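Construct the complete structure from the given sequences, taking the supplied hints into account.
Going down the list, the sequences are from chains A and B.
Residue 1 is where the first sequence starts when you use this note's numbering, and the numbers rise one by one after that.
Residue 1001 is where the second sequence starts when you use this note's numbering, and the numbers rise one by one after that.
Honestly, the hints are just simulated from the structure, not real lab data.
Quantities reported herein were computed from a predicted structural model and do not represent experimental measurements.
Treat the hints loosely; a few may be bogus.
[Claimed, not checked] Cut-off 30 Å, straight-line C-alpha distance, at most; resulting in silico cross-link-like pairs (DSS-like, lysine-lysine): (1) LYS470/A to LYS1018/B; (2) LYS1023/B to LYS1226/B; (3) LYS1108/B to LYS443/A; (4) LYS425/A to LYS1023/B; (5) LYS454/A to LYS1118/B; (6) LYS1050/B to LYS454/A; (7) LYS45/A to LYS177/A; (8) LYS1118/B to LYS470/A; (9) LYS230/A to LYS167/A; (10) LYS1123/B to LYS470/A; (11) LYS1014/B to LYS425/A; (12) LYS454/A to LYS1123/B.
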Amino acid sequence: MKYTEDDLREELKTKEYEYGFYTDIESETFPKGLNEDIVRAISKKKNEPQWMTAWRLEAFNAWTKMIEPEWPNVQYTKPNFQDIAYYSAPKKKPKLNSLDEVDPELLATFEKLGISLEEQKRLANVAVDIVMDSVSVATTFKETLAEKGIIFMPMSEAIQKHPALVKKYIGSVVPPKDNFYAALNSAVFSDGSFCYIPKGVRCPMELSTYFRINEGGTGQFERTLVVADKGSYVSYLEGCTAPQRDENQLHAAVVELVALDDAEIKYSTVQNWFPGDQNGKGGVFNFVTKRGLCETNAKISWTQVETGSAITWKYPSCILKGNRSVGEFYSIAVTNNFQQADTGTKMIHLGKNTKSTIISKGISAGQSQNSYRGLVQINSRAENARNFSQCDSLLMGNECGAHTFPYIESKNKSAQIEHEATTSKIGEDQLFYCNQRGIDTEKAIALIVNGFSKEVLNKLPMEFAVEAQKLLEISLEGSVG
Amino acid sequence: MLKIENLHAEVERKAILKGLNLKVKPGEIHAIMGPNGAGKSTLASVIAGKEDYEVTQGIIELDGEDISELDPDERAHAGIFLSFQYPVEIPGVTVTNFIKTAINESRKAQGLDEMSAKDMLKKIRQKSSLLEIDRKFLSRSLNEGFSGGEKKRNEIFQMAMLEPKLAILDETDSGLDIDALRVVANGVNTLKSSNNAIIVITHYQRLLDHIIPDFVHVLHDGKIVKTGDASLAHELEAKGYDWIKEKIIS
Ligand SMILES: Nc1ncnc2c1ncn2[C@@H]1O[C@H](COP(=O)(O)OP(=O)(O)OP(=O)(O)O)[C@@H](O)[C@H]1O
Ligand SMILES: [Mg+2]
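So, in structure tokens, the structure goes:
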């Protein structure tokens, strides 16, 4: 029987997590503002090799010449980039003695998400009894990975221990000059995850950032690189359903996936950053660049459940370079209150017989704006490329908006492209029907929303799916009066 | 069980029910007939508590309790079931999931634990075979792409699962083929007991050949204008409604 991450999580429930990924950096914060010296200092602080410093500097110089994109369908006050401290060592959150000391509102949310008591303690940073064999469990996890030659560690550690691999692949999918936020991230990225699956290896468990979030949290400029060597397989989970607050308003992460010949990467995300209060104040701005490269016969699937952030700007994309490669994008984006999301995907068909599927489900409530923006591009050499896109929007109430911007660029006549879009509203009749069967309005909405999102929820790993389902319910609570 | 007195209700400021009286005792079957637009479905919706319908006068009691202030879901918990004339679609939600949710929500309201998966499955098996429903059907999205007859049969399946005190069947027979009508009617008769009651709204005698009513009421212009026994339905089938309307005028 395979030992899954769920098993591990189960075993860890009552135990302090001490997996050893935690990087101790002494608390220190750089002065606000960004210039070459700051970039150099960040690199030095992390004890990086010279090539990495040079790489960061090049990105920084490109960034200074770039301007923030204006095209997304979102409105916000632009951050003052000189008013941000670009290096701040992770602060240890104060350890609490019991759950009684935790914000009751946070506990209520945990409760609704069905997070176990022990897990709640871990998330809220309450001290947990250390049970003797916790180390052995973690070791099992580590050993299983090591046995298979799988590398899974913080990016900063990978730069030290596996410089050749990092150097070869970092920036190979999202070049430092790719866009404004990617350039900024490349210059100042704090940390992130590195993952390498060797040839022909099937990673036996779901790899999750959950296991290596250190006490300081994920940071503002995260960088993730997943490389699946020929014929390998990995399922990678990012984020967690528990609400995440952060004092940093701006987040600009970069995720790069490389799937070599015959490899498959499944990348699942649940994003639940603080969306701001009822009036839209104080939420996180989330500008993410995520892209995967598929070589021959490789496959990349992006699955995402986006419920958080005040502003989300995010287009996980696939470059289908190799012949017969496959790209998939399954997304649920929920916006409520004053949230704004502009999200979608890009499928770039370069190889022959490449195939892509896009299923996007947007749910808007309150006064929020939810936009899908997708590009399907068929290159002239991409014979027999196929794409199927389906974008469904569900509206709740009369004050929210759903927008769809599908772009199709086809330079090859043999391409088959199908696009379907629907917009529906949760109807009074549907609600009354459910009510009549004894289902109250809140539950009825959850039911209808889950039905609407099912095709995407089904793509998530089981346990993640259950949590994501609850998360959808919570995100929409009170949205129909 | 159900007591309605001098009920007046309006929708969008238009008076639809205009002083309606109806008493239903446990163990009884009542048929309500009447011309199109008379207010039959409106009565069903008002009993079930649909918000759009405003009760301006009169009382609605279930087991001696005034239910006019209860929300639709609370009325459902109290044992009221409505088989819709036009059941709505809920994409992506399977029949099984829907009925499971409905049962557990009602149990929760009664302070009971969720029904175990084993019991739920057993009950689903039992009731779906009673109504001759192929179980594959139960994993389809609720009412999505169902034929007219399938929708109605599915309504009665839900009634069988929920075992309501008072069931109102609004034109359940329309859309059913002859065999389906027999199956559904048999199902309803099996569910009938001395503790529950059924109101059937229909235009046709053929349903009442299977589900034999104790009382037949004629609803016209928002009021019950005539009440009789099962033979009244036969009379209506033969003569239509004009003679009743004329009688009211004269
Ligand atoms: N939501 C509404 N808005 C406006 N008018 C309505 C509404 N609902 C019902 N009505 C009107 O109320 C009257 C009674 O309608 P109802 O559906 O109760 O009739 P019915 O007796 O069930 O008819 P049928 O035999 O055709 O089903 C009709 O004139 C109808 O147009
Ligand atoms: Mg009607």
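Hint check:
{"no.": "1", "hint": "LYS470/A to LYS1018/B", "verdict": "45 Å, violated"}
{"no.": "2", "hint": "LYS1023/B to LYS1226/B", "verdict": "14 Å, holds"}
{"no.": "3", "hint": "LYS1108/B to LYS443/A", "verdict": "12 Å, holds"}
{"no.": "4", "hint": "LYS425/A to LYS1023/B", "verdict": "38 Å, violated"}
{"no.": "5", "hint": "LYS454/A to LYS1118/B", "verdict": "24 Å, holds"}
{"no.": "6", "hint": "LYS1050/B to LYS454/A", "verdict": "29 Å, holds"}
{"no.": "7", "hint": "LYS45/A to LYS177/A", "verdict": "24 Å, holds"}
{"no.": "8", "hint": "LYS1118/B to LYS470/A", "verdict": "24 Å, holds"}
{"no.": "9", "hint": "LYS230/A to LYS167/A", "verdict": "19 Å, holds"}
{"no.": "10", "hint": "LYS1123/B to LYS470/A", "verdict": "27 Å, holds"}
{"no.": "11", "hint": "LYS1014/B to LYS425/A", "verdict": "26 Å, holds"}
{"no.": "12", "hint": "LYS454/A to LYS1123/B", "verdict": "26 Å, holds"}
Checked against the numbered hints above, the structure violates hints 1, 4; every other hint is satisfied.
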